[in-house]
Amino acid sequence: MTVKRMDNVGIVVEDLEATISLFTELGLELEGQMRVEGSWADHVVGIEGMQVDMAMMRTPDGHSRLELSKFIRPTAISREPKNAPSNTLGYLRVMFAVTDIKDTIARLEKHGVTLVGKLEQYEDSYLLCYLRTPEGFIIALAEELK
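Going letter by letter, the sequence shown gives residues 1 to 146 in full-length UniProt numbering.
Be a bit skeptical, because a hint or two may be false.
To be verified - Pairs of lysine-lysine, DSSO-like flavour, derived with a Cα cap of 30 angstroms:
| no. | residue 1 | residue 2 |
| --- | --- | --- |
| 1 | LYS70 | LYS82 |
| 2 | LYS82 | LYS102 |
| 3 | LYS82 | LYS146 |
| 4 | LYS102 | LYS118 |
| 5 | LYS82 | LYS110 |
| 6 | LYS70 | LYS4 |
| 7 | LYS110 | LYS146 |
| 8 | LYS82 | LYS118 |
| 9 | LYS146 | LYS102 |
| 10 | LYS118 | LYS146 |
Simulated from the structure, these hints should not be mistaken for lab results.
Take these sequences, add in the hints, and give me the full structure.
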């Protein structure tokens, strides 16, 4: 076997503090923040002279993490269009299982998150939705129906 686990998913953001606040509202815990720079980082990322403020967020079960990065140097490059539709090539979204999807949506809307489509029920199994953050990326939510 090659893979031991999935360690984290990285998201480049413009407003690190607002994004931390959004994911804290969702129930993730801030593990730590730091500035990342130096030749080792340049070589790993492939960008000479990079400087990034980074925050690591952990899910309540402790098994998954989001690495949020705000590029100080060089500035981040925007994806076009910023609010790309759900069929855009590349990483699409990150999905979270939640206990009360309607309450979660209401709490996240206070952080500027909007529904991409509608909250829908899939058979007798799940309530599902896609949400777009102010940064333009998508968060998916799933509530398992008992």
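Quick rundown of the hints versus the structure:
Among the hinted pairs, LYS70 with LYS82 is consistent with the structure: their alpha-carbon atoms are about 16 angstroms apart, no more than 30 angstroms. Distance hint between LYS82 and LYS102 is fulfilled; the C-alpha atoms sit about 26 angstroms from each other, no more than 30 angstroms. For a cut-off of 30 angstroms, the pair hint linking LYS82 to LYS146 is broken: about 37 angstroms separates their Cα positions. With a C-alpha separation of about 11 angstroms, the suggested pairing of LYS102 with LYS118 holds against the 30 angstroms cut-off.
A C-alpha spacing of about 21 angstroms is found between LYS82 and LYS110, which places the hinted pair at or below 30 angstroms, so the restraint holds. A distance of roughly 28 angstroms separates the Cα atoms of LYS70 and LYS4; the hinted pair therefore holds under the 30 angstroms criterion. For the proposed pair LYS110 and LYS146, the alpha carbon gap of about 28 angstroms is at most 30 angstroms, so the pair holds. A hinted pair counts as satisfied when its Cα atoms are at most 30 angstroms apart, and LYS82 with LYS118 qualifies at roughly 20 angstroms.
Our distance criterion of 30 angstroms between C-alpha atoms is met by LYS146 and LYS102, whose separation comes to about 16 angstroms. A threshold of 30 angstroms between alpha carbons decides the hint, and for LYS118 with LYS146 the separation of about 21 angstroms falls inside it, so the pair holds.
Of the numbered hints given earlier, the model fails hint 3 alone.
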